[in-house]
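Asker: Sequence:
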Amino acid sequence: MFEKNKLLLAILATSLTAGLTACGGGSSGSSTSGSDQDGQQQDTETAVSAGSETGRFVDSAVSGIEYETSKGYKSLTSENGEFRYDDGDTVTFRLGTLNFGTVNAGGLITPIELSGNNPDRAANIARVLQTLDDDGIPGNGITITSATREKAANQNPTDVATVDLEEAKDVILSLASENTVAPTELVTREKAESHLNETLAAEKPVTSCGESTTPVTKGHLQDNTFGYIRLEEDDKEVNLLSFGPSDSLIEFHNDMGDIEKKTGTTWSVNNGEVTFSDSEGTETFTACAVGPTDAPYYMIFNSDDGAVTLYATKPYEATSASQSYLLTSIDSVLNETQHNIVTIDSELNAEFLSDVGFENASIADNGALEVSDSSDNSTDALYLLAAQGKQIGIYLDFNASDTLVDVGIAAGIPVANPVSTASVAGKTFIARNEAENETIILVHKSDGTAFDYHNDDYDGSTQKAGVYISTWEVNDETGELTYTETNEFDEEVAETFRVFESNTRVYGPDDEDASIETLSKTKAITEASFVGSFNVNVPTENTVDNALVINSDKTCSYDGTACSWAIDASGKAELSFAGETVVTEIWQLATSNDQFALLMTMPDDATDIQVGFMTRN
277 MFEKNKLLLA
287 ILATSLTAGL
297 TACGGGSSGS
307 STSGSDQDGQ
317 QQDTETAVSA
327 GSETGRFVDS
337 AVSGIEYETS
347 KGYKSLTSEN
357 GEFRYDDGDT
367 VTFRLGTLNF
377 GTVNAGGLIT
387 PIELSGNNPD
397 RAANIARVLQ
407 TLDDDGIPGN
417 GITITSATRE
427 KAANQNPTDV
437 ATVDLEEAKD
447 VILSLASENT
457 VAPTELVTRE
467 KAESHLNETL
477 AAEKPVTSCG
487 ESTTPVTKGH
497 LQDNTFGYIR
507 LEEDDKEVNL
517 LSFGPSDSLI
527 EFHNDMGDIE
537 KKTGTTWSVN
547 NGEVTFSDSE
557 GTETFTACAV
567 GPTDAPYYMI
577 FNSDDGAVTL
587 YATKPYEATS
597 ASQSYLLTSI
607 DSVLNETQHN
617 IVTIDSELNA
627 EFLSDVGFEN
637 ASIADNGALE
647 VSDSSDNSTD
657 ALYLLAAQGK
667 QIGIYLDFNA
677 SDTLVDVGIA
687 AGIPVANPVS
697 TASVAGKTFI
707 ARNEAENETI
717 ILVHKSDGTA
727 FDYHNDDYDG
737 STQKAGVYIS
747 TWEVNDETGE
757 LTYTETNEFD
767 EEVAETFRVF
777 ESNTRVYGPD
787 DEDASIETLS
797 KTKAITEASF
807 VGSFNVNVPT
817 ENTVDNALVI
827 NSDKTCSYDG
837 TACSWAIDAS
847 GKAELSFAGE
857 TVVTEIWQLA
867 TSNDQFALLM
877 TMPDDATDIQ
887 VGFMTRN
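The end of the sequence shown is residue 893 by the numbering used here, with every number in the run present.
Among these hints, one or two may not hold up.
Stated by the list, open to error - Result set (BS3-like, lysine-lysine): computed pairs, CA atoms no more than 27 Å apart in a straight line: (1) K590 x K538; (2) K721 x K703; (3) K848 x K830; (4) K537 x K590.
No lab work stands behind these hints: they were computed from the structure.
Treat the numbers as computed from the prediction; the structure is a model and nothing was measured.
Between the sequences and the hints, there should be enough to build the whole structure, so can you do that?
Answerer: Following this line, the structure appears as structure tokens:
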């Protein structure tokens, strides 16, 4: 029982939240993956440095809120709640004329820091943030939309931390009236504090038993389910442990691709110690609970060899907004494969990226979300874990014989639904492989023509850029996107993919239909947001960190060469060089304030194509 791949000693002193950053996910929004950050702000007269440090504003991650550093840099928090600053800066968070507070900038800012550790003020800030969240599900991140920001700019100045929320209620609700799920009431203080406390438990975890913990009792474990996920380079595990009513234990685990459902273990609790027994022996752990006494966020099990944290599972809640999850499996060679997406609507209908049509879902007595799979007449289950700072769960995949097939990870993502003709026409999507320094720019013209500009071709070890030209068409009933290309034999070759989209991302299967590829949508560049300095990387020209400086007077400089710039009606930036015919186009990724794709083409030479990537300094 107590071999490394059998039970609790599988992970020692592991941080679950840190390990899950590779799972995907993102912040809130039933229709947005991030901050919906069109209209990013920055000083239009002077290019102020964004800062060398990155912090996060969380109650979970707050995206799309305005911030300004004491040096004068203005922008919006990213989809992960990130903001830029320099050491020694203060930072102010606001929403139009609504001031959330000023604080010394640091790696993690919460309503607690903004309020000066004043519980009443922190509760006010949390209540307003959670009320304004686009989809009303702060557990998957808090998204402030551009419509909310625009309305907030026209309100009377308000100090959110001290305002009487009952008096300000109508104004606050009006700010979110165009949200995907428009609130009708303010989030209550009790609910807001509960969510904030769970977020703090994730962001500032307790790692050992002590004054802030409670000795384990039988009631903490009995009839409850706990899980942990370990994602290290050489050791990856996903485990779910269900403590039964009669001291029995059922384990579901994926240990480096080895899938097993294990029964036959018993457990008991005595004076804060938990003893596990099976046919192979007995082992005892000192254990404690972290969080509310009646419903802890997680349990810490200590032994001479280290500590293990088991996270409580929490009930799935049906809401008025849809929720989506990216499903990831781990195989025997430690690959993490994102292989499917499931979207659950408010009526508990489930739709998979892999299949056209809907499946039935239901909430089990233990709070798990059970999803029918008509392809093999089975029922799978999803268990959400507490204290993750975002929606992270463990899913159990069974076949028609109720045999366990997989124990994987379900990471909450902004709601994703099938694409439509309207959502593709005139749109540009960006794929970026940072490790290989590869960029793909997919341009979908409204006339049905598609251009795939890329630098992921190779001649031996030499990276090459090129373009594929095709036509595109969407089946609006199924969300299938078809590209048709004429080959060298003058034959039409078509490829069809089922594609999901959120507000800032696009998801589709890879060429082998084995995993999910994620692309970023693009958003309109504004004149104010474009001013600044950038590093430009064009690998096919052996260009690394060339400097591009954008000035507010519409002049610019690229690697010392003078240029001018403009923004077209679609929000794409274009650079012009005197005496040169090269066309330089720049798109901003919708998932970032600081990342852009760059394309250089020559009108008189269709083969002269350079694809690059640029980041803000």
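Asker: Given the hint that K721 pairs with K703, test it: the Cα-Cα distance must not exceed 27 Å.
Answerer: holds (7 Å)
Asker: Just to be careful, I want the Cα atoms of K537 and K590 compared with a cutoff of 27 Å; is the pair within it?
Answerer: holds (21 Å)
Asker: Does K538 sit within 27 Å of K590, going by the straight-line distance between their CA atoms?
Answerer: Judged against 27 Å, a Cα distance of about 22 Å means the pair holds.
Asker: Check the hint pairing K848 with K830 against an upper bound of 27 Å on the C-alpha distance.
Answerer: Holds - the C-alpha atoms of K830 and K848 are around 14 Å apart, at most 27 Å.
Checked against the numbered hints listed earlier, the structure breaks none of them; every hint is satisfied.
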